[in-house]
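As they're listed, the protein sequences go chains F and E.
Take the first sequence: its position 50, counting from 1, is numbered 55 in this note's numbering, and each next residue is one higher.
Take the second sequence: its position 49, counting from 1, is numbered 44 in this note's numbering, and each next residue is one higher.
Since the hints were made in silico from the structure, they are not lab data.
Where hints are given, some of them may not hold.
To be clear about the criterion: a stretch of chain F counts as covered by chain E if any three or more of its residues have a C-beta under 8 Å from a C-beta of chain E, and this derived list gives those stretches [claimed, not checked]:
(1) 9 to 18
(2) 24 to 31
(3) 43 to 53
This structure is a prediction, so every number in the text was calculated from the model and none was measured.
All C-beta atoms, glycine included, are put in the ideal place defined by N, C-alpha and C.
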Amino acid sequence: MKRYIRHAAAFCALLLIALLVNATRVQVFQAGSLDANEANRRNAIVRFEQPRGDILVDGRPVTGSRDTGEQLRYERTYRNGPLYAPVTGYASQVYGTTFLEHAEDDILSGTDPMLAPLPLWNDITRAQNPGGKVETTIKAAVQQAAYAGLGGKRGAVAALEPSTGKILALVSAPSYDPERLSGTDRAVADTWAELNGSATKPMLNRAIRQTYPPGSTFKVVTAAAALDAGEVTDLDAPTKSPNPYTLPGTSTQLTNEVDGCKNASLRYAFQWSCNTVFAKLGVDTGLTPMVGTARDFGFNDSGLRIPSSVAASNFDTSMDRAQLGLSAIGQYDTRATPLQMAMVAAAVANGGSVKAPHLVDRTTTEDGDVVDATGARTLRQAMNPGTAAQLREMMAQVVDEGTGTNAAIPGVTVGGKTGTAQHGIDNSGTPYAWFISWAQAADDPEPSVAVAVVVEDAAADRGDISGGGSAAPIAKAVMEAAIGAH
Amino acid sequence: MAGTSAGTAPPAVPAVRVPRRRGTELTLLVVAVLLSVYGYCAVGLAKNDTVPPGAAGYGAGLGVLALVAHLAVRLRAPYADPLLLPIAVLLNGLGLVLIYRLDLETPHDEAAPAQLIWSTVGVGLFIAVVLSLRDHRLLQRYAYLSVVTALALMIVPILFPAVNGARIWIRIGGFSIQPGEFAKILLAVFFASYLAANRNALAYTGRTLWRFKRLQLPTGRVLGPIVAIWLLSVGVLVLERDLGTSLLFFGLFVILLYVATGRIGWIAVGLLLAALGAFAVGSLEPHVHSRVEDWLHPFASIEAGRGPNQLAQSLFAFAAGGMLGTGLGLGHSILIGFAAKSDFILATAGEELGLSGLCAIFLLYALLVERGFRAGLALRDAFGRLLAIGLASILALQVFVIAGGVMGLIPLTGMAMPFLAQGGSSVVTNWIIVALLIRVSDSARGQPVPAEAA
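Please model the entire structure based on the sequences and the hints provided.
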């Protein structure tokens, strides 16, 4: 019998070994994938266990946290939510994060290893760092001016500091309050359905995620390409362009809204936005130089991060001459984000150098120790400095006595370019009103702000829509605020 | 060879003094109580940054229970194995800590106070058994009374409504007991007694199957009653959907039959029957079928968009613990839901104590089982041997079935982790099992020195 008892004991030992092996399998070898399983609520619980770090504008938080005492404990709150929504995005228990809340999530949620007092400290102590802070480059006054300027009309504003690439304002209208997406209750789901179902797409960040045909504002790029390529050497020389201009290889005739465009000089054509002159100029300059210059300004770049990703602006790389002519005046397939057009204005204002646009000035720990700081970084040289100087001169004339006089600020040098972009099938849609500009205060050595405004208000009477009429006053308000805050 | 004497007197019986080791037991008990109190304080510190207000009372209560039990053992079972009682106290104390810890997450549904009362009842019965049962062989006389009582206990819950799919509870007023738990011991007593009485007939008579001597089957007259009882008990449990316990009875029966007769054939037949039964029940019975499906595809409900089921949550908990655990009070195994304190208590241990803590717990159970087997080996009477092996096997099988179930090794069957899980009947039963093991180990170690010298 003793022998059989030993056998039975061995059987029990076998059961024990099976348990130990299985425990090791689950707790060691499968632990990684189980921890990472999306249905594992632990990640969410740990994530919301502490208040989230704040996003700062002008050194003051525009976000907050509320202790709910629930399982997912801290909910995000926002001050001036609709105003800053295109900057902050939302941080929702249910729907995740967007924009800065998403791009800087590691800092805000405290998981970034750089927040630890010592390397590997947290791995040893299993402690979690308090959430860090994200200081934005946004100026509250500029953001306010842009938001008030749009006044709820559908559209967007992007404002940059040309010499550094700092984003001073990023506004999209209509907007929404991201706080309504915080939490887990029924109201959050209702809000989500309502916002997503809305025809006005309030959660669309029009400033960086929506591309529009840039219309005549693209003539800045065409002019830069033509000047750099030597297609035009004298701003005041006649351009030998007919009126109307028949697009090469077609019978389509291009006309102008203004008189005096036949054989106009580049200066005159820019000042009064002659379509015929610029379409022909684009065709004469040729596809390769046009594509090259557009690319140097930032078109066709799908990798731009501010740190949120920016939708790629488009300038087609293979076109026939007629398509190129249309593209040269910002039509056909040419599309740009408001941020991209602000970069165009900023490049002109900054001697042709395109600075990397960025929204985060620096990130810090909760105590204010700097984790990472963003400095000025040059993306590309879009044009020769001489060309930039000529464009500055021409843009200033647009505001002085051209299509952009609505943007003039007394005592300040302002350069601008209007645009009215046709879109829709057979151009049936209400045109988009564009204005891009920069401003230089009298005592400043260089322009301190560049702005792009687009207004897509479908309610407006079609005849009223023009860059100079609806967009330029908004740009003016933004530039005034920027110079005042400068 | 201490007492040699010269001269013509017949050689004296060597005075072999069997060490009683009661001091060892007391020391280990102190360690077990201190460890439990430490765990209790750790939970409070982790959750509320203060030592829990009941820490002193908890420590005193557990200490008094342990001390009284120790005194009973000292008085009536002085040669008993010194490891049994401390391991039981430690597991019970740890179970109370884990339940208290989970209570903090469910403030309106506290289970620890009731568990403390049941533990006290369990220790009370432990003491009663140790004091009143002078010789385990007495139980042999009550074999048939045991089996009748066991069957009655198992049949009664059929008259009561099902709870969570199983008809294994009796509810009277606010109390609910699980009579099947007590039936375990009674059935072990019956099996041990019957097999001890008939083991020669079982081992050496009967027909040979296919000329293989080892597959010789005993005559129906000898085998009949025990198979009938066993089939009846398993059948009742299947009716009650208490699969864990039917598996336990099956395993217990096969192990004891093998130990009593030494026939490999029993194991072969047992495994064959088990496989057939498991396949039949698993594919025909919907409740069991879903358990098998969950085991094969623990994440199917997540993929179907219904969120993680209990088994998936349990696996998440074990994974979150990793090697060292999150620390007592710092895990989130409450996500498992309603069975977190009972069937799934091990997941809390796995999450908060980690693989290292889990190994320690498994080794405590292993020691308990091993001590049972050791007592069985040292005993001289067949009944005592089979009883010790049966009781130890009950513990081993319970631990394997429930731990394997909540960790995805085998399909999940509702069963209580001995001493750890919430459940009054289970705690009480396990205390009685330990009391019986104390009794048989006392007989094993305290037997008079072999009589041939006298």
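Right, here's what the structure says about each hint:
With 9 residues having a Cβ less than 8 Å from any Cβ of chain E, the segment 9 to 18 of chain F passes the three-residue criterion, so the hint holds. Beta-carbon proximity to chain E at under 8 Å applies to 6 residues in the segment 24 to 31 of chain F; the threshold of 3 is reached and the given coverage holds. With a cut-off of 8 Å between beta carbons, the segment 43 to 53 of chain F has 6 residues touching chain E; three or more are needed, and the interface restraint holds.
This entry satisfies every hint, going by the numbered hints stated previously.
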